[in-house]
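Asker: One letter stands for each residue in the lines below.
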Amino acid sequence: MGMLKEKVDKSKQKTSDKKEEKDQSELILRVNDLSIYYGSNQAVKNISFDIEKNSITALIGPSGCGKSTFLRSVNRMNDLIPISHNQGEIIYEDLNILDKNIDVIALRKEIGMVFQKPNPFPKSIYNNITHALRFYGIKGKKRLDAIVEESLRKAALWDEVKDRLDQSAFALSGGQQQRLCIARTLAMQPNILLLDEPASALDPVSNAKIEELIFELKKDYTIVIVTHNMQQASRVSDKTAFFLNGRIVEYDDTETIFTNPSVKETEDYISGRFG
Amino acid sequence: MNSKVADRIATGVFIAIATIIVLVLIGLFSFILFRGVPQISWDFITTTSSTVREGGGIRDQLFNSFYILFITMLITVPLGVLGGVYMAEYAKPGKITNFIRSCIELLASLPSIVVGMFGLLIFVNSTGWGYTIIGGALALTIFNIPVMVRVSEDAIRSVPNVQKEASLALGINHWHTIKTVILPSAFPGILTGAILASGRVFGEAAALLFTAGLSTPRLDYMNWNPFSTTSPLNIFRPAETLSVHIWAVNTNGIMPDVEAIADGSSAILVLSVLFFNLTARFVGSAVHRKITASK
Numbered sequence: 002m003g004m005l006k007e008k009v010d011k012s013k014q015k016t017s018d019k020k021e022e023k024d025q026s027e028l029i030l031r032v033n034d035l036s037i038y039y040g041s042n043q044a045v046k047n048i049s050f051d052i053e054k055n056s057i058t059a060l061i062g063p064s065g066c067g068k069s070t071f072l073r074s075v076n077r078m079n080d081l082i083p084i085s086h087n088q089g090e091i092i093y094e095d096l097n098i099l100d101k102n103i104d105v106i107a108l109r110k111e112i113g114m115v116f117q118k119p120n121p122f123p124k125s126i127y128n129n130i131t132h133a134l135r136f137y138g139i140k141g142k143k144r145l146d147a148i149v150e151e152s153l154r155k156a157a158l159w160d161e162v163k164d165r166l167d168q169s170a171f172a173l174s175g176g177q178q179q180r181l182c183i184a185r186t187l188a189m190q191p192n193i194l195l196l197d198e199p200a201s202a203l204d205p206v207s208n209a210k211i212e213e214l215i216f217e218l219k220k221d222y223t224i225v226i227v228t229h230n231m232q233q234a235s236r237v238s239d240k241t242a243f244f245l246n247g248r249i250v251e252y253d254d255t256e257t258i259f260t261n262p263s264v265k266e267t268e269d270y271i272s273g274r275f276g
Numbered sequence: 030m031n032s033k034v035a036d037r038i039a040t041g042v043f044i045a046i047a048t049i050i051v052l053v054l055i056g057l058f059s060f061i062l063f064r065g066v067p068q069i070s071w072d073f074i075t076t077t078s079s080t081v082r083e084g085g086g087i088r089d090q091l092f093n094s095f096y097i098l099f100i101t102m103l104i105t106v107p108l109g110v111l112g113g114v115y116m117a118e119y120a121k122p123g124k125i126t127n128f129i130r131s132c133i134e135l136l137a138s139l140p141s142i143v144v145g146m147f148g149l150l151i152f153v154n155s156t157g158w159g160y161t162i163i164g165g166a167l168a169l170t171i172f173n174i175p176v177m178v179r180v181s182e183d184a185i186r187s188v189p190n191v192q193k194e195a196s197l198a199l200g201i202n203h204w205h206t207i208k209t210v211i212l213p214s215a216f217p218g219i220l221t222g223a224i225l226a227s228g229r230v231f232g233e234a235a236a237l238l239f240t241a242g243l244s245t246p247r248l249d250y251m252n253w254n255p256f257s258t259t260s261p262l263n264i265f266r267p268a269e270t271l272s273v274h275i276w277a278v279n280t281n282g283i284m285p286d287v288e289a290i291a292d293g294s295s296a297i298l299v300l301s302v303l304f305f306n307l308t309a310r311f312v313g314s315a316v317h318r319k320i321t322a323s324k
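Residue numbers (this note's numbering), protein chains in the order written: chain A, 2 to 276; chain B, 30 to 324.
Honestly, the hints are just simulated from the structure, not real lab data. All values reported here derive from a predicted model rather than from experimental measurement. Glycine included, each C-beta is placed from N, C-alpha and C at the ideal position. Hints are not guaranteed to be accurate.
What the hints assert, rightly or not - Using C-beta positions, here's what the derived DEER-type ranges look like: (1) B:A309 x A:E53: 53 to 59 Å; (2) B:A47 x A:D100: 55 to 61 Å; (3) A:S41 x B:A39: 42 to 48 Å; (4) A:D164 x B:R37: 49 to 55 Å; (5) B:N190 x A:N55: 30 to 36 Å.
Said to hold, decoys possible - Just so you have them, the derived chain B footprint on chain A, three or more residues with Cβ under 8 Å: (6) 106-114; (7) 183-194.
Please build the complete structure, drawing on both the sequences and the hints.
Answerer: Following this line, the structure appears as structure tokens:
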């Protein structure tokens, strides 16, 4: 954490006064009045909600409702889209992630992201994981070997690939590729994992494996997952936020959302009446 | 006319065009090789050329061609690739970038004779070097950089964006991402560009006439000191390349075996280009296999 904190002393001062409002020891992300625009089009509209530490939060809603846009703003991947800009704040470790003084590189190391389509590098399985480690100056075959094994084990991939670590990652199946992408993110020891429909491009068996894995990872990480799969959301997540047209219509315990939603739109969406 | 017939006609036309291209290529190739190969002998490749007597070889010209190619690519490839990286990854869309792109395109269409005259003015006269290998190489660099920048830019742009996102999302900075993810993926495209540029260097005569000159000093191939005047590696010596030699022999050669020399040189030139292309592709795909761990 040190790196990120040092580099943004300024923004720290701005937000620290809000810190003591209530006991937030278990909150890891606090979203305050966040709006995200693509040019003049407002994709996310004044949303506010908190995400708890070591929990799984599912973001559901029809396509184009802003949930992926929100997810991509948490580790500042939206910076890659020149026309995007935002208002409001996302507080993480007393810092506003959206502050322009934030060290984005250090931020992304702590808030890892896994994308919808598996996107391994065109390198060997081993080098897919060591790619980022080497950038952070982690050297030595023994040390790298250990991290590679640990990450692959955590991603439940080790037994399937341990004998062919030097083969191309492209030789793996789609589900294995996605678990490799998760493994390489875990190797960075992030605090938060952002999963953008991680299983939607996979077959049901791989899908189930990823789901099992997500559940397993909850112990050590905070997970925010965007999904179109209602069963998946209800099975794995602790909290669910229902997005509609850029707003959060309902945010509650997953059980409440799926059994006793308080807003009609939520009920309609979950039961498949639209979206 | 129904669509089935139209489809068949289109297919026929394309096959005809492909056949014409292949026939022209085969015709040209066999013409050059049939006339040239009988002239090639060990002697022809290993002796120096003679201006008046029969039986001159092309040893120095052959070496010069490869050496100028090497020096040119040494300058062109890094500059061209970095230029391509700038255009694809850093340049913000807008008027200035469009202006730069127009300049590059203009430079690419510059006639080589103009590049040669420019080289004469700058690299030969202004610098006071006279006709030199480095002057020739710099002229050819001007000639080739636009192609190299363009091809690199296209190759970099064609790398899937998800690769770049994957690397950035791991907390890796832009430059390291370019170095370790984007450039290795763009490598085959960049290699093709470098090979095309090399072909232009091999074949170029006009730009070299006025920059690298029409003569080669007496060379001692055992002398590897690049600062010695008789060393073939000296970049501040004049150097006639194979293409220039073919042009010179054909236009003002006074030796009795002009035709034999021209035919033999042409065949050697074509074979050299072929040899170079195949080697470059072979080495390139081996390198690419190594970095991507593919079979």
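Asker: Give a verdict on every hint.
Answerer: Now for the hints, and whether the structure bears them out:
1. Taken as a hint, the range 53 to 59 Å holds for the pair A309 (chain B) and E53 (chain A), whose Cβ atoms sit roughly 57 Å apart.
2. The hinted range of 55 to 61 Å is satisfied by A47 (chain B) and D100 (chain A), whose Cβ atoms lie roughly 59 Å apart.
3. In this structure the supplied range 42 to 48 Å holds for S41 (chain A) paired with A39 (chain B), their Cβ-Cβ distance being about 45 Å.
4. A C-beta distance of roughly 52 Å is found between D164 (chain A) and R37 (chain B), which places it inside the suggested range of 49 to 55 Å.
5. As the Cβ distance of N190 (chain B) to N55 (chain A) is approximately 32 Å, the hint placing it in 30 to 36 Å holds.
6. Interface restraint, the region 106-114 of chain A with chain B: holds (8 residues with C-beta to C-beta distance below 8 Å; minimum three).
7. With 3 residues having a beta carbon nearer than 8 Å to a beta carbon of chain B, the region 183-194 of chain A meets the requirement of three or more and the stated coverage holds.
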